[in-house]
Amino acid sequence: AQSVTQPDIHITVSEGASLELRCNYSYGATPYLFWYVQSPGQGLQLLLKYFSGDTLVQGIKGFEAEFKRSQSSFNLRKPSVHWSDAAEYFCAVGDRVTGGGNKLTFGTGTQLKVEL
Amino acid sequence: DAMVIQNPRYQVTQFGKPVTLSCSQTLNHNVMYWYQQKSSQAPKLLFHYYDKDFNNEADTPDNFQSRRPNTSFCFLDIRSPGLGDAAMYLCATSRDHGGHYNEQFFGPGTRLTVL
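Sequence order for the protein chains is A and B. Following my numbering, the numbering of the first sequence begins with 1 at its first residue and continues without gaps. Following my numbering, the numbering of the second sequence begins with 1001 at its first residue and continues without gaps.
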């Protein structure tokens, strides 16, 4: 079964600093990978996704992520963090399921705090 | 704008009193999902509908059921809520007709409190 590990539960960065959130996955085939962001009390917003092709993917809000098959990683990066980026970030791997549709397996999330 | 809508956003119920959460979508997606997200945890898939076909996750308690009367609406019924069922419930949709994998779109969630 697939699994996702986000080793950092909390991360604090200063506004304007660069950011990297780590994500490692376990999956037998080429994975469908996602990063979602969740603000307090809100639903999940998709930041970016990787299905195939170029291993460096660009997302919304200035985020990017790089798929590295050899390391089973899909780390999220942003060159300069803004205070509004403070939120919880979830990495997820998708899989097709029997009967149609797909299933997202999420990591436990990384809580990002931004210091002004 | 096409979207996934969940009502209510906040629901309070009493221990053992049945409760229904609602999800609707204007995306015309054929697949609808329900996730449970407990405090400080990752969302966990409870079940999903592929068109009219219901697909239950193996570890979803019998206390949780779902109905999908039409393409646009899907309901989550909790027959006898326990304190452990307090959580954020997220509805999501995707378009799926075989072949390519398609992303899921999430609603804002319903926060359920059990007293």
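Please keep in mind that the hints were generated in silico from the structure rather than gathered at the bench. Fair warning: this is a prediction, and the values are worked out from it, not measured in the lab. Keep in mind that a hint or two might mislead.
As the list claims (entries may be wrong) - In silico PhoX-like links for lysine-lysine, alpha-carbon gap of 20 Å or less:
1. B:Lys1044 with A:Lys103
2. A:Lys103 with B:Lys1017
3. A:Lys49 with A:Lys68
4. A:Lys61 with A:Lys49
5. A:Lys61 with A:Lys113
6. B:Lys1038 with A:Lys103
7. A:Lys103 with A:Lys49
Claimed, not checked - Looking from chain A toward chain B, a few residues come up when the C-beta cut is under 8 Å (computed):
8. Gly41
9. Gln42
10. Leu44
11. Leu48
12. Phe51
13. Lys61
14. Phe63
15. Gly94
16. Gly99
17. Gly101
18. Lys103
19. Leu104
20. Thr108
Even glycine gets a Cβ: it sits at the ideal position worked out from N, Cα and C.
Do the hints match the structure? See the list:
1. B:Lys1044 with A:Lys103: 10 Å, holds
2. A:Lys103 with B:Lys1017: 30 Å, violated
3. A:Lys49 with A:Lys68: Given pair Lys49 of chain A, Lys68 of chain A holds - Cα atoms ~14 Å apart, limit 20 Å.
4. A:Lys61 with A:Lys49: 14 Å, holds
5. A:Lys61 with A:Lys113: Roughly 16 Å separates the two Cα atoms, so the pair holds.
6. B:Lys1038 with A:Lys103: With a Cα-Cα distance of about 18 Å, the restraint between Lys1038 of chain B and Lys103 of chain A holds, given a limit of 20 Å.
7. A:Lys103 with A:Lys49: Cα-Cα ~15 Å, so holds.
8. Gly41: Given a least distance of 7 Å, the restraint on Gly41 of chain A holds.
9. Gln42: 6 Å, holds
10. Leu44: With a closest approach of 4 Å, the Leu44 of chain A hint holds.
11. Leu48: 10 Å, violated
12. Phe51: 6 Å, holds
13. Lys61: 16 Å, violated
14. Phe63: 16 Å, violated
15. Gly94: Since the shortest Cβ distance to chain B is 6 Å, the answer is holds.
16. Gly99: 5 Å, holds
17. Gly101: 4 Å, holds
18. Lys103: 5 Å, holds
19. Leu104: Leu104 of chain A check passes; min Cβ-Cβ to chain B is 6 Å, inside 8 Å.
20. Thr108: Hint on Thr108 of chain A: holds, closest Cβ of chain B at ~5 Å, below 8 Å.
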